[in-house]
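**Student:** Listed below are the residues making up each chain.
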Amino acid sequence: MIERSPAIASNETGSRAALEAMIRFENVDKRYPGGITALQNVSLRIDKGELVVIAGPSGAGKSTLLNLMAAIEHPSAGRVCVNGEVLQDLRARSLPYLRRQFGLVFQDHRLLFDRNVFDNVALPLRIALFSRGDIPQRVRAALDKVGLLGRERTMPIALSGGEQQRLCIARAIVHRPAILLADEPTGNLDPDYAVTIADLFKSFNQVGVTVVMATHDRAVIDRLQPRVLRLRDGQILEQSA
Amino acid sequence: MKNWITAHGAALSSALRRLVRRPFASLFEIFVLGLALALPAGLYVTVESVRGFANQHPSDPEVSVFLSLGVTSQDVAIVRERLEALADVQQAVFIPRQEAAKSLRQSPGLAEVLDALPENPLPDAFVLRLGTQDPSRIDALRGEVGGWPKVALVQADSGWTRKVNAGVRIAQTVALLLGLMFGVAALAITFNTIRLQMLDRRGEIELSRLIGATDGYIRRPYLYLGGLQGLLGGVVAVAIILAGTRALDKALSDFSVAYGTQVKISAVPWEYAAGFLGVSALLGGMAAWLASSRHLWARPLR
Ligand SMILES: Nc1ncnc2c1ncn2[C@@H]1O[C@H](COP(=O)(O)OP(=O)(O)OP(=O)(O)O)[C@@H](O)[C@H]1O
Ligand SMILES: [Mg+2]
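Same order as they appear, the protein sequences are chains A and B. Start counting the first sequence at 1; every next residue gets the next number (our numbering). Start counting the second sequence at 1; every next residue gets the next number (our numbering).
If you are wondering where the hints come from, they were derived from the structure by calculation, not from laboratory data. A virtual CB, placed ideally from N, CA and C, is assigned to each residue, including glycine. Do not rely on the hints blindly, as some may be mistaken.
Unchecked claim - Result set (SDA-like, lysine to any residue): computed pairs, CA atoms no more than 25 angstroms apart in a straight line:
(1) B/K150 with B/V89
(2) B/K2 with A/I135
(3) B/K2 with A/Y97
(4) B/K2 with A/R110
(5) B/K2 with A/L129
(6) B/K2 with A/D134
(7) B/K2 with A/L125
(8) B/K2 with A/R100
(9) A/K202 with A/R24
(10) B/K2 with A/R176
(11) B/K2 with A/R132
(12) B/K2 with A/Q101
(13) A/K145 with A/D199
(14) A/K202 with A/D144
(15) B/K2 with A/R126
(16) B/K2 with A/S63
(17) A/K48 with A/G34
(18) B/K2 with A/S94
(19) B/K2 with A/S131
(20) A/K145 with B/L210
(21) B/K2 with A/Q137
(22) B/K250 with B/N120
(23) A/K48 with B/V89
(24) B/K2 with A/D119
(25) B/K150 with B/V76
(26) B/K2 with A/A141
(27) B/K2 with A/G133
(28) B/K2 with A/R138
(29) A/K145 with A/R110
(30) B/K2 with A/K48
Unchecked claim - Footprint (simulated), chain B over chain A, 3 or more residues, beta carbon under 8 angstroms:
(31) 96-104
(32) 124-131
Based on the sequences and whatever the hints tell you, model everything.
**Tutor:** Following this line, the structure appears as structure tokens:
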């Protein structure tokens, strides 16, 4: 153990509020090359263990917001902080380790179609250098949660749209991330299954995972009773609890 | 430590899978790589053995005096007497043409050739041991003896040693330049293999980086793949060189046995072979490093 100097200790107490915020946006703008302004002056705060839904019409900037949180995109102006770190200040070699704290459900799934279900789900574990012995059991646990247990050897191309989406969710949760960022995770699911997945996200949230989900699925929002951030034309309209 | 083993074990097995998944393409690439590596290395081995051979001899310069065909034993006796009278000649050993033919006959292929000829084409010869190493005196002696009657040709070792040494220096330079050229070619072959493999998997690579893969994690299997390809290419090259030196050795011994000299391509010491394999593997790894760097740096993390 390193003995803590008083300077560091006081610094810690001074920024306790910042530490408990899992995600903070301070006056964030995002302009894409080509001149499209996807986000304008967005400030928000998501605390550890919160369950937040980002709602808004197509093109409002929901995906952009999630991509900024995951450090996939970087802001044109303003600051994005995750877990006490300012993303812009983070060195490129630390970025991968930050990203392992996330579970990402991509709007376009991004499955590997030349790998079977098992290998798709195992990818985050291999990247994080989990030992070979641990991987199968964790993969099966994740597949079980999304109802795909027993399909390990199937190729993704042989899965329905909804099954592919669930596969993507299994891959996002398999390494038990601290933050789940899900972009339209129920977009291709029938209403019954959408509710099941909503419950799954709720259950993660109940064990302390911070969940941020972009969706315009009313049934999911009703089921989860989350805090809702409403976006329109790149701006936050309202934040309801 | 455990992480390290996990990471490298996974990368190695993934590299092996990638080699085996496209067996014919892999074999082809390895073979081409082997050829590219074998050419300069083979030239180098040849040059080294020629140099070794040339350097064995200059200390006791030898002059061969070939007599005209059809000399009588009396002619031979006269030439011997005159040779032994020369101050610089320590010893004159007579090699009759029958003996030269007999030793040539020991090589299976050449016996038939000799039989097919109407008569023995080889001349009688004297091999002189000299008491001097001074090239100008050897040249003078060659000039003098060459002018005698019944003497067809005088071959002075000092002359050919000089020429061989000059030739070896040129060949060494050529081998070095060729080595550089073919080294770059080998690098380019592996570079291209790795580049295409990474392009083929760019979706997976991009996704892996998004979910927290380090550059090292992405790179590692390709480094192993490049290293393995280099190593196997090196093995092919060593095999080619071994086969080549063996064939050349046989041809040379057929040729040189006639006058009792020994020209032999020196066997490649195993340390050299191992070092060569190491260099090939390193070259492959380097090519993979370049290719993967280019791939990753062209697509920054954010
Ligand atoms: N990579 C990009 N390059 C240029 N413009 C982009 C890019 N990504 C998004 N945009 C633009 O930014 C705006 C916000 O896009 P975004 O994908 O964040 O919307 P969204 O709310 O997720 O929409 P949807 O509900 O359709 O997924 C859109 O006008 C879009 O065209
Ligand atoms: Mg979107």
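**Student:** If a hint holds in the structure, say so; if it doesn't, say that too.
**Tutor:** For each hint, the structure was consulted:
| no. | hint | verdict |
| --- | --- | --- |
| 1 | B/K150 with B/V89 | holds (19 angstroms) |
| 2 | B/K2 with A/I135 | holds (15 angstroms) |
| 3 | B/K2 with A/Y97 | holds (18 angstroms) |
| 4 | B/K2 with A/R110 | violated (30 angstroms) |
| 5 | B/K2 with A/L129 | holds (9 angstroms) |
| 6 | B/K2 with A/D134 | holds (13 angstroms) |
| 7 | B/K2 with A/L125 | holds (15 angstroms) |
| 8 | B/K2 with A/R100 | holds (19 angstroms) |
| 9 | A/K202 with A/R24 | holds (22 angstroms) |
| 10 | B/K2 with A/R176 | holds (21 angstroms) |
| 11 | B/K2 with A/R132 | holds (11 angstroms) |
| 12 | B/K2 with A/Q101 | holds (21 angstroms) |
| 13 | A/K145 with A/D199 | holds (11 angstroms) |
| 14 | A/K202 with A/D144 | holds (16 angstroms) |
| 15 | B/K2 with A/R126 | holds (14 angstroms) |
| 16 | B/K2 with A/S63 | violated (38 angstroms) |
| 17 | A/K48 with A/G34 | violated (35 angstroms) |
| 18 | B/K2 with A/S94 | holds (21 angstroms) |
| 19 | B/K2 with A/S131 | holds (8 angstroms) |
| 20 | A/K145 with B/L210 | holds (23 angstroms) |
| 21 | B/K2 with A/Q137 | holds (19 angstroms) |
| 22 | B/K250 with B/N120 | holds (23 angstroms) |
| 23 | A/K48 with B/V89 | violated (102 angstroms) |
| 24 | B/K2 with A/D119 | holds (22 angstroms) |
| 25 | B/K150 with B/V76 | holds (9 angstroms) |
| 26 | B/K2 with A/A141 | holds (24 angstroms) |
| 27 | B/K2 with A/G133 | holds (12 angstroms) |
| 28 | B/K2 with A/R138 | holds (19 angstroms) |
| 29 | A/K145 with A/R110 | holds (20 angstroms) |
| 30 | B/K2 with A/K48 | violated (32 angstroms) |
| 31 | 96-104 | holds (count 7) |
| 32 | 124-131 | holds (count 7) |
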